[in-house]
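Asks: This is what each chain is made of:
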Amino acid sequence: MDAILLQILNGLDKGSAYALIALGLTLIFGTLGVVNFAHGALFMIGAFCAVTLSRIFSMSYTVIDETQTDFLGNPLKVDVPYIYDIFGQAAGEAIIDWSVPLSILFAIPVMILIGVIMERGLIKHFYKRPHADQILVTFGLAIVLQEIIKYFYGANPIPTPAPAAFAGSFDFGALVGFDPQTIIYPYWRLVYFGFAALIIGAVFAFLQFTTFGMVVRAGMADRETVGLLGINIDKRFTIMFGIAAAVAGLAGVMYTPINSPNYHMGMDFLVLSFVVVVVGGMGSLPGAVLAGFLLGILESFASMAIVLETLPGLNQIIIYLVAIIILLTRPRGLMGRKGVMEE
Amino acid sequence: MSNSRFTRRGLLKTSAIAGAGLAAPTIFTAGSAAAHTNEPTGDTVTLGFNVPQSGPYADEGGDQLRAYKLAVEHLNGEGDGGMLNTFTSKALQGNGIMGKKVQYVTGDTQTKSDAARASAKSMIEKDGAVMVTGGSSSGVAVAVQALCQEAGIIFMSGLTHSNDTTGKDRKANGFRHFFNSYMSGAALAPVLANAYGTDRKAYHLTADYNWGYTTEEAVRTSTEAMGWETVETVLTPLTATDFSAYIAPVLQSGADVLVLNHYGGNMVNSLTNAVQFGLRDLEVNGKKFEIVVPLYSELMARGAGENVKGIFGSQNWDWKLENQLGARYTGTNAFVQSFGEKYGFPPSQAAHTGYVQALLYADAVERAGSFNPCAVGEALKDFEFDGMGNGPTLYRGADHQCFKDVVVVKGKEDPENEFDLVEIVEVTPVDQVMYAPDHPQMGGAEATLGSCNAGA
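Just so you know, the sequences run in chain order A and B.
Quick note, the first sequence lines up with residues 1 to 343 if you use the numbering used here.
Quick note, the second sequence lines up with residues 1001 to 1456 if you use the numbering used here.
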């Protein structure tokens, strides 16, 4: 029982990341009808926003400390971050420590800007083209973005820790009455889950309770009629693209303490997120969220030693296996609507 | 009547030219009569440095490449000479190799066997490399070693730690200076038993490729011989980035030690996950829970940050060896000095093994008096040397593996600077990590080098 609970908890954080990426993907697909393979790259760029901000905070000048020596016996060069001079050492250290959460503020405008530039600059020209063309161009874009990040940040993972206050883990088992130390869960993963729930809630509320959201939903249902009513639906869809980019970017920012970001992380998530969208139902927002968590948890279960002993390699195929079964029994996915991608 | 522009005379002329053209390649080969593949005929010689410049081991590859470039400088008589000054063989004069200036070409293995083979192939066929060296990852090393064997050139492997490279997949044209999984297991087990006791239950997470398998086997065998019990071994995909799903079940297995048979990015992530899940704060079976990383590197320690403190592992070499353990490891400071002056930070073990391999190859050519891979191979076989930072070393002829002391290290609790992440716990003398060439972990009696191939 405790093992099952642990794997469910464990699947939640990965599921959160899948759900956030898939939410943005399906939002873009539902509004603009574009299959955006560059969406994983947006997740990755979000993570690198956190890296960038922490580098900006840590920018420093060198002081030569004559009292100490470096590995070659020369006087030691000590790096002093500029931020210490501006805010004092204690405040400076705190700012550097909290750079990941602070990156949220930095990432939102950056990601919206990148999203809008991407949509206006490139993807706009592919609305009327077949899905295959869209996939090729966005996939190419993803590779370009990935290589740009690699050029500037190198190929290796860059450790980006959570604030010290969230380091460590808590004993979930003891809390709910199991033996102590059987179910341990890191604080930051809990924060990530809470954050994902908040973002998902915010996106749904935005679409449900604002006029802008209502117009967008109307546009998703019948673009032509909304256009005939004199509403500039394209402009709103561009903004939605920016929002979807920001959602993916925020998912990336907050994921950095869980796994050190590298240039390839977007691709790792992209394929799985597509499966999530398909399983959830193309164009269905609740479907994407549901399938995200479902597949995250299933993947976690399939990695248990006991499962791997009976069915070796299951951890690597489980998501695709489930996708096949669901598509055979429910061709439109869990919550797919009729008429989407079925012209 | 005919529209044809061909005339009898024209046809004869064309055929003569075409005939000469067709005959040309045989004329040239017969004329040059190369004794072996890519025999250097001009006043230069080309070496191929095939390292990962992208992919999970890119950092190791980058550092290796820096070291190779330094080695080329020293071979050509530039810079301060580095380990040429401490190397016991004095065949190298700082005038290139056999008087030929050393040039190099580089390739990116991308940490993938197929990409590594393709770039090695192009170095051999297009650039005329007479020796290929490099390769972080044993999958890559084994693949490129086989290619060099077929092509008839020497392969001086770089950072490859799997037993297979000089075990079941050993080749007559391939030579390894780096240590291997067996040696890590043999060196680590006594230290672990000493630090953590002999009554321990171990849980292994293992990278799903040949290096992972041999490392798990080596560590398991040697720790079990000390009295440890292995409760579970789980393979993880090389592409995995989040190991939490593999870490969580450790809590319920009753294990009190986690062995991470991971390297590079894999290790950084799995260790980070394990620490996030609070494994290091646990008490299981009345003992403090411990994590072990059999193959360690300073570069990985940098990636893992705080998480690496107090964790045991093994290394082929460390830049602090000579300062801390004295003149036995002479050569270390000479190398650190010239590398540090040039690049501003101390070299990693990947850099060290690459540099040493380049020098050993050049020295063997000088001693053999020929670039012929079979002659060079003979010169390397059972070659005993010192002054390269590892203490007295033997290049064993039976499997082309170097035998030398193994460094057991631990993540430093309070590093003095950003390069001081690893502390040397002890050095296991070479006798304790020695094994027979037909050891079962090394492919048993079936493993043979085959015969040397000079190509051409």
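Please note: incorrect hints may appear among the correct ones.
Unchecked claim - Below, in silico cross-link-like pairs of lysine-lysine (DSS-like), each with a Cα-Cα straight-line distance of 27 Å or less:
id: 1; chain 1: B; residue 1: K1288; chain 2: A; residue 2: K77
id: 2; chain 1: A; residue 1: K150; chain 2: B; residue 2: K1342
id: 3; chain 1: B; residue 1: K1287; chain 2: B; residue 2: K1412
id: 4; chain 1: A; residue 1: K77; chain 2: B; residue 2: K1100
id: 5; chain 1: B; residue 1: K1090; chain 2: B; residue 2: K1100
id: 6; chain 1: A; residue 1: K150; chain 2: B; residue 2: K1381
id: 7; chain 1: A; residue 1: K150; chain 2: B; residue 2: K1287
id: 8; chain 1: B; residue 1: K1287; chain 2: A; residue 2: K77
id: 9; chain 1: A; residue 1: K150; chain 2: B; residue 2: K1121
id: 10; chain 1: B; residue 1: K1100; chain 2: B; residue 2: K1168
id: 11; chain 1: A; residue 1: K77; chain 2: B; residue 2: K1410
The set of hints was computed from the structure by calculation and includes no laboratory data.
Asks: Compare the structure with each hint and give your call.
Replies: Evaluation of the provided hints:
1. Using a Cα cut-off of 27 Å, the hinted pair K1288(B) and K77(A) is violated, with the two alpha carbons roughly 38 Å apart.
2. Restraint check: the Cα-Cα separation between K150(A) and K1342(B) comes to about 25 Å, which is no more than 27 Å; the hinted pair holds.
3. Between the alpha carbons of K1287(B) and K1412(B) the distance comes to roughly 22 Å, so the proposed pair stays at or under 27 Å and holds.
4. With a CA separation close to 41 Å, the supplied pair K77(A) and K1100(B) exceeds the 27 Å bound.
5. For the suggested pair K1090(B) and K1100(B), the alpha carbons sit about 17 Å apart, so the restraint of at most 27 Å is met.
6. Distance restraint check for K150(A) and K1381(B): the Cα-Cα separation of roughly 42 Å exceeds the 27 Å cut-off, and the hinted pair is therefore not satisfied.
7. With a CA separation close to 43 Å, the supplied pair K150(A) and K1287(B) exceeds the 27 Å bound.
8. Using a Cα cut-off of 27 Å, the hinted pair K1287(B) and K77(A) is violated, with the two alpha carbons roughly 42 Å apart.
9. At roughly 26 Å between alpha-carbon atoms, K150(A) and K1121(B) fall within 27 Å of each other, so this suggested pair holds.
10. Proposed proximity of K1100(B) and K1168(B) is contradicted: the alpha carbons are some 36 Å apart, above 27 Å.
11. Distance hint between K77(A) and K1410(B) is fulfilled; the C-alpha atoms sit about 26 Å from each other, no more than 27 Å.
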